[in-house]
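S.K.: Using the sequences provided together with the hints, build the complete structure.
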Amino acid sequence: MAITDIPFSCIVAQDGCADVVFVHGLTGSPLETWTSENSSEPEGKYWPKWLGADLPHLNLYAVGYPASLFSKWANKEMDLYERAKSLLEIMASYDVGERPIVFVGHSLGGLLIKQMLRTARESSEPTWKKIADSCSGVMFLATPHSGSSLADLLAMVGFTSPHIEKLKKDSSDLNELNESFRSFCTQQPFAVTAFYEMFKTKKFAIVVDRSSADPGVGGSLPIAVDADHISICRPENRHAPIYRSIYSRLKRIFPPPPVATPSHFEDGDDLSAAHHSDRRDLQTKMIAADREHEYTVANERQNSFARLFMRTGLLSSSAKLYNAILQDIEQRFENLVYHPLICKDAPDSEVSVAVQTHVIDPVAKKYADQSATPATIMNALYFLTERCHVRWDKP
1 MAITDIPFSC IVAQDGCADV VFVHGLTGSP LETWTSENSS EPEGKYWPKW
51 LGADLPHLNL YAVGYPASLF SKWANKEMDL YERAKSLLEI MASYDVGERP
101 IVFVGHSLGG LLIKQMLRTA RESSEPTWKK IADSCSGVMF LATPHSGSSL
151 ADLLAMVGFT SPHIEKLKKD SSDLNELNES FRSFCTQQPF AVTAFYEMFK
201 TKKFAIVVDR SSADPGVGGS LPIAVDADHI SICRPENRHA PIYRSIYSRL
251 KRIFPPPPVA TPSHFEDGDD LSAAHHSDRR DLQTKMIAAD REHEYTVANE
301 RQNSFARLFM RTGLLSSSAK LYNAILQDIE QRFENLVYHP LICKDAPDSE
351 VSVAVQTHVI DPVAKKYADQ SATPATIMNA LYFLTERCHV RWDKP
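The sequence shown runs contiguously to residue 395 in UniProt numbering.
It should be emphasised that the hints constitute simulated quantities derived from the structure, not laboratory data.
Don't take every hint at face value.
[Said to hold, decoys possible] Within a straight-line C-alpha distance of at most 25 angstroms, the following computed BS3-like cross-link-like pairs (lysine-lysine) qualify: (1) Lys-203 to Lys-344; (2) Lys-320 to Lys-365; (3) Lys-251 to Lys-365; (4) Lys-344 to Lys-129; (5) Lys-129 to Lys-320; (6) Lys-202 to Lys-366; (7) Lys-320 to Lys-366; (8) Lys-85 to Lys-45; (9) Lys-200 to Lys-251; (10) Lys-366 to Lys-251; (11) Lys-45 to Lys-251; (12) Lys-366 to Lys-49; (13) Lys-49 to Lys-200; (14) Lys-85 to Lys-202.
Just so we're clear, the structure is a prediction, and the values are computed from it rather than from any experiment.
M.R.: Here it is, written out as C-alpha cells:
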C-alpha cells in the first residue's frame with residue numbers, strides 16, 4: 001500500500017507484535033509531515049521507515065485527513081468527532097486494536113488522537129473500543145493543548161475568523177477534550193510523552209511553548225527540542241534527539257523479541273529453569289484462572305515439551321532453538337494477551353482467540369523451517385506456565 005493522503009497507509013507491517021500509528025497535523029500529510037529533505041539515511045528521507053528497520057517487530061501506519069479539518073472545527077463547521085469516527089472505522093478494518101498501540105501525533109494531530117481515544121472509549125462498537133483498550137502510549141510532537149496556542153497556530157497558516165479569535169478566551173471544547181484525555185490516562189495508565197519547539201516558526205513566534213505542550217498528565221514532563229513547529233517532526237538523521245527519543249521510548253514500551261542465535265543464548269535467560277516469582281504449580285494456576293477443566297491436557301502438554309527440551313541437552317543447538325521459541329512465546333503472550341486482555345478481565349473466549357492468533361500461529365509460522373508446529377507451541381506455552389514464566393490470571 002502506498003503512503004497517500006487519505007485515509008490510512010501502511011508504512012511497514014511484518015506480523016509485528018504492536019502497532020505505531022502516525023497522525024499528521026495542520027497542512028501536513030502522511031508523507032510530507034514525516035519527511036526530511038536533508039536526510040541521507042539509507043532507508044530514504046521518510047523517517048518512519050528508519051523505525052521500521054530499527055524496530056522490525058513493530059507495524060507502522062500513517063493516518064491522513066484533509067488539511068481543512070481543524071479550521072472548520074474551530075469555526076464550528078465540522079465536528080472533530082465525525083472525523084474521529086471515520087478514522088476509527090478504517091483503522092479497525094486493518095485490525096488496529098488487535099495489538100498494543102502507540103500513537104505519534106504532530107501538532108493538531110495530537111488533538112485528533114485524543115478525540116479518537118475519547119470516541120473509542122465511549123463507543124458501543126467493540127472494534128473501536130479495542131483501539132482505546134489497546135493504547136499503550138501517546139507521543140505529542142508540538143501539540144497545542146491550550147486554546148490560545150491553537151488560535152495562534154491557525155492564524156499562522158492563514159486561518160482567521162471570529163470563532164478562531166474566540167479560542168484565545170473561550171476554549172471550552174478544547175478543555176473538555178483535555179479533561180477526557182486526562183481521565184482516560186488515570187483509568188488506563190499508559191506512557192504519555194510531549195515535546196515542544198524552542199525556535200520561532202517563519203519568524204512568527206514559538207507556537208507551542210512548554211506550557212501549551214503540557215497535556216497535564218501526571219508523570220509526563222514536556223521535553224524541549226531545538227526545532228521550530230515544522231521541523232520538530234523532521235529529524236535529519238538517526239542521531240537527531242527527537243528520533244532517538246521516539247526510538248528509545250518505543251523500544252522500552254515494546255521490547256524487541258530475542259534473536260535466535262547461539263551468541264545471544266550464551267548470555268541469555270534459560271527459560272527451562274523455573275522463575276523465582278509466582279511459584280504456584282500448574283493446577284493452582286489453572287484453577288485461579290477458571291481453567292481447571294484444561295489442567296489434565298495442559299499438564300500432558302507441558303510434560304511433553306519438557307521431555308523434548310531436556311532430551312536435547314541444555315548446551316545443544318536444539319536447546320538454544322527451543323529457548324528462542326520460549327522467549328518469543330513469553331514476549332507475545334505478555335504483550336498481546338496478558339496485559340491487554342487477562343489483566344482487563346476479557347472473557348475466556350477472547351483470550352483463547354488471542355492466544356491462537358497472536359501467539360500460537362505466528363510463532364509456529366516463524367519456526368516452521370525448524371519443524372515447529374502449532375501443537376509444539378501450545379505445549380511450550382503450558383511449559384512456561386508450569387515454570388512460572390507466564391500466568392493466566394490477574395495479579
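S.K.: If a hint holds in the structure, say so; if it doesn't, say that too.
M.R.: Tested hints:
With a CA separation close to 49 angstroms, the supplied pair Lys-203 and Lys-344 exceeds the 25 angstroms bound. A distance of roughly 18 angstroms separates the Cα atoms of Lys-320 and Lys-365; the hinted pair therefore holds under the 25 angstroms criterion. Distance hint between Lys-251 and Lys-365 is fulfilled; the C-alpha atoms sit about 24 angstroms from each other, no more than 25 angstroms. With a C-alpha separation of about 13 angstroms, the suggested pair Lys-344 and Lys-129 falls inside the 25 angstroms cut-off, and the hint holds.
Between Lys-129 and Lys-320 the alpha-carbon distance is near 40 angstroms, which puts this suggested pair outside the 25 angstroms criterion. The suggested pairing of Lys-202 with Lys-366 is violated, with an alpha-carbon distance near 50 angstroms, which exceeds 25 angstroms. About 15 angstroms separates the Cα atoms of Lys-320 and Lys-366, which keeps this hinted pair within 25 angstroms; it holds. With a C-alpha separation of about 31 angstroms, the suggested pair Lys-85 and Lys-45 falls outside the 25 angstroms cut-off, and the hint is violated.
Restraint check: the Cα-Cα separation between Lys-200 and Lys-251 comes to about 31 angstroms, which exceeds 25 angstroms; the hinted pair is violated. Taking the CA atoms of Lys-366 and Lys-251, the gap is near 21 angstroms; set against the 25 angstroms cutoff, the hint holds. Between the alpha carbons of Lys-45 and Lys-251 the distance comes to roughly 22 angstroms, so the proposed pair stays at or under 25 angstroms and holds. For a cut-off of 25 angstroms, the pair hint linking Lys-366 to Lys-49 stands: about 23 angstroms separates their Cα positions.
For a cut-off of 25 angstroms, the pair hint linking Lys-49 to Lys-200 is broken: about 28 angstroms separates their Cα positions. Between Lys-85 and Lys-202, the direct Cα distance comes to roughly 34 angstroms. Violation of the 25 angstroms bound is thereby established for this hinted pair.
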